[in-house]
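K.L.:
Quick note, the sequences are listed as chains A and B, same order. Heads up: the first sequence begins at 13 in the working numbering, then just goes up one per residue. Heads up: the second sequence begins at 13 in the working numbering, then just goes up one per residue.
By construction, these hints were calculated from the structure, which means they are not laboratory data. Some clues are possibly wrong.
One copy or two, either will do: identical chains are not told apart, so a pair holds if it fits within one copy or between any two.
[Claimed, not checked] Dumping the calculated DSBU-like pairs for lysine-lysine here, alpha-carbon to alpha-carbon at most 35 Å:
(1) Lys-404 x Lys-105
(2) Lys-262 x Lys-526
(3) Lys-37 x Lys-526
(4) Lys-262 x Lys-105
(5) Lys-37 x Lys-557
(6) Lys-98 x Lys-557
(7) Lys-105 x Lys-414
Number of protein chains: 2
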Amino acid sequence: MKVIIVGGVAGGASCAARLRRLDEKAEILLVERGPYVSYANCGLPYHVSGVIEKESSLLVSTEQTFRTMFAIDCRTRCEVVGISSKKKTVELKNHVTGEVTTEKYDKLVLSPGAAPIRPPLPGIDLPGIFSVRTVPDAREIREWIERGGSDLTEEQHTSSGLPLDKTKRAVVVGGGYIGLEMAENLVHRGLEVTLVEMLDQVMLPLDPECARLVERHLEKHGVRLALNDAVAGFKQTASGSLEVLTKSGKAHPADIVILAIGVRPETELAKMAGIEIGQLGGIRVDEQMHTSNPDIFAVGDAVEVKDFVTGEWSLIPLAGPANRQGRIAADVIAGRDSRFRGTQGTSVIGVFGGTVATTGANEKLLNRLGQKDFEKVYLFPNSHAGYYPGAKTIVLKVIFRKSDGRLLGAQALGQDGVEKRIDALAMAIQMGATVYDLEEAELCYAPPFGSAKDPVNFAGMVPADVLRGDMPLCHWTSLGGGFLLDVRNPPELAVESVPGAVNIPLPELRGRLKELPKDREILIICRSAQRAYYATRILLQNGFKARNISGGMLSRSMRSLSEVK
Amino acid sequence: MKVIIVGGVAGGASCAARLRRLDEKAEILLVERGPYVSYANCGLPYHVSGVIEKESSLLVSTEQTFRTMFAIDCRTRCEVVGISSKKKTVELKNHVTGEVTTEKYDKLVLSPGAAPIRPPLPGIDLPGIFSVRTVPDAREIREWIERGGSDLTEEQHTSSGLPLDKTKRAVVVGGGYIGLEMAENLVHRGLEVTLVEMLDQVMLPLDPECARLVERHLEKHGVRLALNDAVAGFKQTASGSLEVLTKSGKAHPADIVILAIGVRPETELAKMAGIEIGQLGGIRVDEQMHTSNPDIFAVGDAVEVKDFVTGEWSLIPLAGPANRQGRIAADVIAGRDSRFRGTQGTSVIGVFGGTVATTGANEKLLNRLGQKDFEKVYLFPNSHAGYYPGAKTIVLKVIFRKSDGRLLGAQALGQDGVEKRIDALAMAIQMGATVYDLEEAELCYAPPFGSAKDPVNFAGMVPADVLRGDMPLCHWTSLGGGFLLDVRNPPELAVESVPGAVNIPLPELRGRLKELPKDREILIICRSAQRAYYATRILLQNGFKARNISGGMLSRSMRSLSEVK
């Protein structure tokens, strides 16, 4: 059996190595268009800043390793320029010799990845505008910065007398993971960074009120944000530097521009092979990574996969799923019955000391799908026991199904212990856990690490209180005409209060019930919604209609950030 | 309805607060023998060192809070001195006034906790020997150290001219969580610490080969270990300091002794009430926390609970389960159908910058129960992507059921990202996950946080390889008469090699198969068992009998530590 695998990074490399382990006799040809296989593309932004110092650190595996360790015919700088799915052949172009050869396959695996989007805007090809996909991309960015943001070589610079340190201003286009990581790493290198984003938020996997916190954090660390503004074009100024022009008419000066608008599945090969493309523009595959042609498989960023939570097709260009898909394609080729279970979109980013992580469905997505059977809560637990020094607040949004309590998604932000809670919740989602399961979760607790009631437990307890009817909920976005009751203590109100809210501190509440209306819904406020929960219980059991405003003043401040914008 | 709750820390306080939320009308009396309710006993060791500076930080909630926020009649320094389960009354002694009163109950909740074991050894009551259970205990330890390890007050010291800084040597008796935390915190305070442990290992929840790593770590940080040696008694020397005498005849000099031998459920109240005690000496309860008397509940460290994994009764004195049990007792009293699911024994400790965490069953326990249907693997993954600076090795032992792949337990040690992997695995165990589920887990990945194949994925992949027959396994402890093949590269062998092992580096293996015997089982060695896995695959598919030695040279070094002892 001869298997040709096209694309030698996450999905393709995993597939090749796994296939060799399963089938010592298979003839495996791994071709990669670029100069490297199995490199750490997730590390590229960190190499630009020098956090990852050596380029060689990014080369996880080499052509040589594939040959010697796995007996795989591995060819870099080798591109597929033609596929005949009838003849079961591919045409390979060797970019070093220029030679084109034809190779037969029994099974073909496509792992071409996704290409950074480069919209056909005026000036897009000007020098100094970069994408971040490959090791050479990162090298070019580093060199550009080190040369002082110009096309001149160091030698030319020296002879021209131009300064070498004039790369001072960067514009990053796109506020997704790569955009944010590039912004951080360019700030680390000492550049002034402006982030231009077409949409009204950074980090699409987050709901907007959570993204606001990220945006504030970026600004605090010196990143200028230009949201809600699309790039219209690029211009070279008289001095040789760039300007990024936006639809709103702004011109952002730049010595370097990073395009991180997003990626688009590479489907040229799929089209050559005549296989089906999905509605989102990715290669359509089944759970065994078969394309519409049974002898052709596809894996990684180029394919559409089912969203584990919603069951919808989605494009999730992440390394973890790509690796798993590569393994599954190899399994299936080797005659095993492995299946990809779909993706939860679990992801994390570290930016300026903050961590943002998410898993499962967000509210925007559920709304877009017209789903109604869900509720959300906002929680602000400590990263570890509050009495142990260094505890930090975690902002946690939890989304769950109302009808059965199934956990649907979670978003978390903070400085410490963020991704570990999302990991536990990701595992919970994978296993079909409900919020009632989270209530009973038994996680690591010692004062430096967590609390006897872990944030993950709270992510179950609070929704379960809602679902059991113990704590009717409302949100700042939908207060209706309720009677606002603030149960905080007066000193807290002095700092920030809610217009129109009546204050009865919780300890006085039982004695002052007569001051409250029985005919109106009482919406209860405190700092984090914990005391308001206690107050809700008191009122409900005394015949009042009461709701807790989820997340209290803390979630209100998230909302205020939105209003300010 | 009148509910009396005895014991005001984790289980009792949770029960009282939860019950109030569920039943605004119930009369709730919370009595606590000591001066404080709801204090952070897990923080006590850190207060001794001053890491938690203020004693007040440990007082999570107060008598006053219970009264004003929860309308709970909360009485500290109030002890139950009699229970009549027939009359449904308790006799309460007020330790301030000395008054004894009788109170009726409809439901009684016992949350007396577990008392530090103080064996009746000669000299056990000498001044300078302390347990660590309550805030006053921690205060006395601090004062003792600050006064210079004597009974004198500061004033007497000054007048006597004795130095105040002579508390230099501590002996901690017991190598469990509290013993280790105390050892660390006393070292932080500048004391020389000797840890005496009767058993041949510290940290009983770990299997011995994992405990060895903890022991080496303790020694590296200056803790003298005296394992396998029980305390025989205590002696006061002429200079007023102490000596800890052991069965082996040693005498460890000490200015202070901490007893952290373990805890024993407090069952005096249960005996007064005539309720059933289990075989392990804890109060017997059902999953709704009923004792054998339907009007009496018990929760927390005093009760025996079912081990979630093995189904056996166990004593798990941990704060998380105590809190959950308190909630469940309250639920049941309020007429709800909540059930405790058993405990997994998930726990974590931080010691001298290292983290040790565990969940589920360990090998010792399964062996003791005579179980045969399990296998183990040793893994040594990076805490995050190896190409991103600062990655540290995590030592991970994973135990799983052979017949169905069910995850049974895990132990992890390292410096970073340790407890987050155990949290994910704890959630997996709770949800009944198999190693096949772990293979497909989708966890947070970005270079600073993890790897595209997370350690949790490896904790699934490697066992799954074993169960699918792709990688027959063996262990250093059971090599039998196999042919030892080392597939590392010569420079690695120069550092450490295995006597009798034949070396064929992996890249040469396919070309040198003729050098290997077909009639013997070939046991394959590399550094971490990854290349040995590749070699196993090559050999199996070429008609050899082959096994991978789990964990390779890295697990061998764990075993060597055991042999050295």
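K.L.:
Measure nothing new, just compare the shortest in-copy and cross-copy C-alpha distances for Lys-37 and Lys-557 to 35 Å and report within, between, both or neither.
P.N.:
between (72 Å within a copy, 18 Å between copies)
K.L.:
From the Cα coordinates, with 35 Å as the cut-off, is the pair Lys-37 and Lys-526 best called within, between, both, or neither?
P.N.:
between (83 Å within a copy, 17 Å between copies)
K.L.:
When no copy is named, should Lys-262 and Lys-105 be tagged within, between, both, or neither for a Cα gap of at most 35 Å?
P.N.:
Neither way: Lys-262 and Lys-105 sit 44 Å apart in one copy and 78 Å across, limit 35 Å.
K.L.:
Given a CA cutoff of 35 Å, do Lys-404 and Lys-105 count as a within-copy pair, a between-copy pair, both, or neither?
P.N.:
Neither: 55 Å inside a chain and 42 Å across chains, both beyond 35 Å.
K.L.:
With 35 Å as the alpha-carbon cut-off, assign the pair Lys-98 and Lys-557 to within, between, both or neither.
P.N.:
neither (70 Å within a copy, 41 Å between copies)
K.L.:
Is the C-alpha distance from Lys-105 to Lys-414 at most 35 Å within one copy, between copies, in both cases, or in neither?
P.N.:
neither (56 Å within a copy, 48 Å between copies)
K.L.:
Please sort Lys-262 with Lys-526 into within, between, both or neither, judging by C-alpha distance up to 35 Å.
P.N.:
Neither, since 58 Å and 72 Å both go past 35 Å.
Hint check: violations occur at hints 1, 2, 4, 6, 7; the rest are consistent with the structure.
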